[in-house]
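Colleague: Here's the letter readout for the chains.
There are 2 protein chains.
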Amino acid sequence: MMGNVLVVHGGGPTAVINASLYGVIEEAKACGVEKVYAAMGGSEGILKEDFLDLLQFSKERLKLLLTTPATAIGSSRYALEQEDYDAMPRIFAKYDIKYVLLNGGNGTMDTCGKIYAACKASGVTVVGIPKTIDNDIAITDHTPGFGSAARYIAATTAEVGVDVKSLPIHVCVIEAMGRNAGWITAASALARRNPGDAPHLIYLPERVFSEDEFLEDVKRLYEEKGGVVVVASEGLKGADGEPIVPPIFKQGRATYYGDVSAHLANLIIRRLGIKARSEKPGICGRASIAWQSPVDQDEAVLAGREALRAAMDGVGGVMIGFIRDETEDGSYRIHTERIPIEKVMMYERTVPENYINQRGNDVTQEFVDWCRPLIGPELREFIDFHDERKKLETNKFITSKGEDAI
Amino acid sequence: MMGNVLVVHGGGPTAVINASLYGVIEEAKACGVEKVYAAMGGSEGILKEDFLDLLQFSKERLKLLLTTPATAIGSSRYALEQEDYDAMPRIFAKYDIKYVLLNGGNGTMDTCGKIYAACKASGVTVVGIPKTIDNDIAITDHTPGFGSAARYIAATTAEVGVDVKSLPIHVCVIEAMGRNAGWITAASALARRNPGDAPHLIYLPERVFSEDEFLEDVKRLYEEKGGVVVVASEGLKGADGEPIVPPIFKQGRATYYGDVSAHLANLIIRRLGIKARSEKPGICGRASIAWQSPVDQDEAVLAGREALRAAMDGVGGVMIGFIRDETEDGSYRIHTERIPIEKVMMYERTVPENYINQRGNDVTQEFVDWCRPLIGPELREFIDFHDERKKLETNKFITSKGEDAI
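Chains as they are written, first to last, in my numbering: chain A, 1 to 406; chain B, 1 to 406.
Since the hints were made in silico from the structure, they are not lab data.
Identical copies carry no separate label here, and so any pair may be met within one copy or between two of them.
Keeping only pairs whose Cα atoms sit at most 25 Å apart, straight-line, the calculated SDA-like set for lysine to any residue is:
| id | residue 1 | residue 2 |
| --- | --- | --- |
| 1 | Lys225 | Asp212 |
| 2 | Lys225 | Arg77 |
| 3 | Lys275 | Gly196 |
| 4 | Lys237 | Ile269 |
| 5 | Lys391 | Glu378 |
| 6 | Lys114 | Leu47 |
| 7 | Lys275 | Glu224 |
| 8 | Lys250 | Leu267 |
| 9 | Lys237 | Leu215 |
| 10 | Lys63 | Ala290 |
| 11 | Lys29 | Val295 |
| 12 | Lys59 | Pro294 |
| 13 | Lys35 | Thr394 |
| 14 | Lys35 | Glu393 |
| 15 | Lys237 | Gly258 |
| 16 | Lys391 | Ser76 |
| 17 | Lys114 | Asp141 |
| 18 | Lys275 | Gly258 |
| 19 | Lys63 | Gly376 |
| 20 | Lys94 | Met2 |
Chain A on its own, in the form it takes in the complex (with noise of 0.2 Å):
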């Protein structure tokens, strides 16, 4: 009897966490694994035996974890206490549970660590799959969910880009995920295809918010333009590292700050006197499918599959992570390599300073290098008039010097 796997769901969904879910399911199938539970409604689950054992779906059924954003088993925020880890190894050796593989991200990792020490002792194995559309997860290249999430924000960008071009009267700020690490909102330069495309202004949260100099880049690309499109992290901070938002109330002891867009398009139209508005998102960027990354989803199923192998040859303790690969021809190729847990328990990795501008208002071509083949085909090509006259004249331009040099 080779034991029963369990898959626990941990945080925030994106796109691409039922596709590895999906990986785990169709690698045990072939392993001839008995039962796939899942822990109904993430960690919880585990400690109330809310088990459901996969392997009862038909493929056809399996196979819409693919393109279902959201997590189809559940998850929760729930913090684990010692008395629940040590309550562990008596609910899976009730259920003949073996494998342990917990989906999430910097906190999940942390739990997955946990897990492990806790039933290290009676023989059960513990794997993590890295997951977040944040991609702060120390050591792997980039984690599964980011790819989506960065093809969401690019192709999305691109759009508001022509819409705001066509109807060039105003600034639009657009507000990305990502609190503490701005590689979604760095993302969106991927949304370009030819110079002068959007977006124009790009703020992460690595850099220290300059009001200032913000105002100043806006009203210069806004009298060169008329539309100009901005792309600003939720999580902005001032000098002092508190949001640039003002908070607007406190409840007990949280407080609430109002949206980094709005603030910012408020802060164009009080300053500057320019129109402007804000869009927000959100969770609309998680949850998409359309703009879901093939390359994402392909990886996703891969990591799936790769924790339960390490599962399966005993290896626990470790987080499945990908390693980008050095090919002759540049192009893009990762491996898998099975991480020890304490590497990447409660790390959060930001974005790099290589990768951000000197003005801190845009990205570098080194870090939309590294991004390109993360966000899967290139995006749709639209047509501007305007642009195709400037190519028309161009084109007539070098004929008639090339007849004038005949």
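The hints should help you fit chain B onto chain A, whose structure is shown.
Modeller: Leaving out everything else, chain B in the frame of chain A:
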């Protein structure tokens, strides 16, 4: 010589204005028109004589119009003066323009009527093509642009719905565009596949918003579900006819308000002590090609073709409208009609009472039936194992009862 065509775009973009432009171009080609001029940058382009002949571009480039959001020839909110109208006959004569097509919403149809009046004597035929995501133009069953905005909000609400359901810890308020007409807000109801699906509450600007009833509804649903999705119009007003969001600042004659979604989320936190967040996709919605409705795209092309045909027939002063046919099998079919422009000029069509439920927190089945065909193919199916388990249990229950009976 049959004379040339001029196309002018007015007001805010949709996902399918360019599809109408494509229809105009294709029909003009079929009719042997020599030049199809675009007024670059909207009605100001007429006065500046900034015309670009679109027939000089390849079929391949022009086809991109079908899937390019915004307006590929630009647009404006420029208000024409009487002297501007007076100048037009001379400009049109100079370029041998005999047919003028204006694509826009209520305001543009007003302009269309005025250009028609100014040019009637000079033998120029002026025809309107309806366009607005807001769906607030009179007489026509619906407007090109609405179906795609409706598909976007429905699909997005469905995705946010599964996200919130899978980590049910908060109320999520999505803001929909349409300040005075709640058509887009209402279309979020199309997100539902099964009873209990998001959106759980829908608030249209046609009804006076009651804060107390809202909080009562949210509280009840939160206690029942844990995760609640609300869709609210950006234009919600109280009993006094004023926006429900208190003004945040004034500048000159303009008053600036915060976002309805953020306001409602804060209200939920403050008054109910329940975690809440807001999403405001805004322009991301009207510019989305991923969620463009194929029905809307086809109809937009049709509207463009029919406008060109009306112009060729010498029938000016009309707007192309859609009339829904009664069919024997109840299937969806429309035909176009040429609607006298004075019947649609500056009239704003809002959502009728029979499309809103009594409490004013949802739409009726009548609305859903009316709206369903406009958004195109059925939305993607998602899988949720909480639901799958319920189905299994129901099946087992039925089976065992059946066996008992035997």
